[in-house]
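*Asks:* Going down the list, the protein sequences come from chains A and B. So that you can map any letter, position 67 of the first sequence is 67 in this note's numbering, and since no number is skipped, the others follow by simple counting. Offset between the second sequence (1-based) and this note's numbering: plus 1000.
Bear in mind the hints are in silico, worked out from the structure with no lab data behind them. Cβ coordinates follow ideal geometry from the N, Cα and C atoms, glycine included. Among the hints, a few may not be true.
Unchecked claim - Capping the alpha-carbon separation at 20 Å, the derived lysine to aspartate or glutamate pairs in EDC-like fashion look like this:
#, chain 1, residue 1, chain 2, residue 2
1, B, K1087, A, E78
2, A, K38, B, D1074
3, B, K1085, A, D91
4, B, K1087, A, D10
As the list claims (entries may be wrong) - To spell it out: a stretch of chain B is covered by chain A in this simulated footprint if at least three of its residues, at any positions, have a beta carbon under 8 Å from a beta carbon of chain A; those stretches are:
#, segment
5, 1069-1078
6, 1081-1091
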Amino acid sequence: MIVAVPVYDDDKTICVSFGRSPEFLFMDTETKEKTYLKNPAADAPGGAGIKAAQFVVDNKAKALLTPRCGENAANVLEGGEVILYKTTSTDTDGELKKFANGELEALSNFHAGFHGKQPN
Amino acid sequence: MNIAVLSGKGGTGKTFVSVNLAAAMGQQIYADCDVEAPNGDLFFKPENVKETKIFVKVPVFDEEKCNGCKKCVDFCNFNALAYVKNKPLFFPSVCHSCGGCTIICPESAITEIDRTVGSVFQGTTKKNTFMSGKLNIGEASGMPIIKEIMNRITDSNQDAIIDCPPGSGCMVMETVQNADFCILVAEPTSFGCHNLRMVVDLVRVFNKPFAVVLNKGTDEINPTEEFLKDEKIPLLMKIPFESELANRTAKGEIAVENLPWVKDLFDQAIDQLRKKVGR
């Protein structure tokens, strides 16, 4: 199974934003092979979450580890049968380990978009 | 001559100035373009009001014809489209109604339908034609509504006082574009001055002649009047911070109809205005 994580371009820190994350890490849980791909939605003028979610689905991920996610993106991910898990630290390897051990909780709150408002 | 009345923030007195100006001048269109919170009707209480629904185009998908090529998804610059579970997924709140997906689809699987975003109201008052736009709750942009009001003003061959939305965003620019002269309403505070600077920058971009109305004015030295002096911006009128005026306005009265000193103030401003635009 492929698991996706939004990461900064240092390839190890989990990005606080899903849609505008600079990169995505895709890891194959069988082979442990890691692939880092640029997020095509990072600089989108609008609808970044939708485009990023499409990218995650197109790359065949079935799980997404992210600190948060918007409603529109969540709709696309749900359609692509991607299960969302909530990360609680910015350490990619640590969160992947928690995921492998079944210690991550499902992400169930989806924000309606910040659009100029400051996120908490 | 179309006069746009604008301000860098809400609550400075755009509607107060627009309504009183239109009432004092007469024979004008009063156009309330503050589509997110229109309230010119509270003062004018227009009659014979006719409502026209305003639509935008949004795509609908024929899932039988769609072969999943995703050309529409890649084309959409606003990312209003996705393709998952072998189906297109559409996000109306992000769509800008450009129609591109309909054109790009090689299978002709996309057509457009109308979606209501708000209304334009038109009626009459004692001396004026009344127009007002209202955006439906939850809609992202009032542009289609403002465009309809601007078209009606152009088609009417009448002069208009345009009561703009607050701020300096797209909707304000749309109204300013159509104006021959801009009146900037400001408050005599640091915050008021900051917001005035934003709209001064805006009207200068559009190269429109403009003057300032200072509302809630006192005799104290204030940053807004200092700014006007420094920038040599004409002060068209100073409306005093006065309780009877505030009370009557809060009751929905049009001040120039009931308070002679306010009528004098606006008449002087109108004289100045006519001199400035040469009419």
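*Asks:* So which of those numbered hints doesn't the model satisfy?
*Replies:* Violated hints (numbers, rising): 3, 4; every other hint is consistent with the structure.
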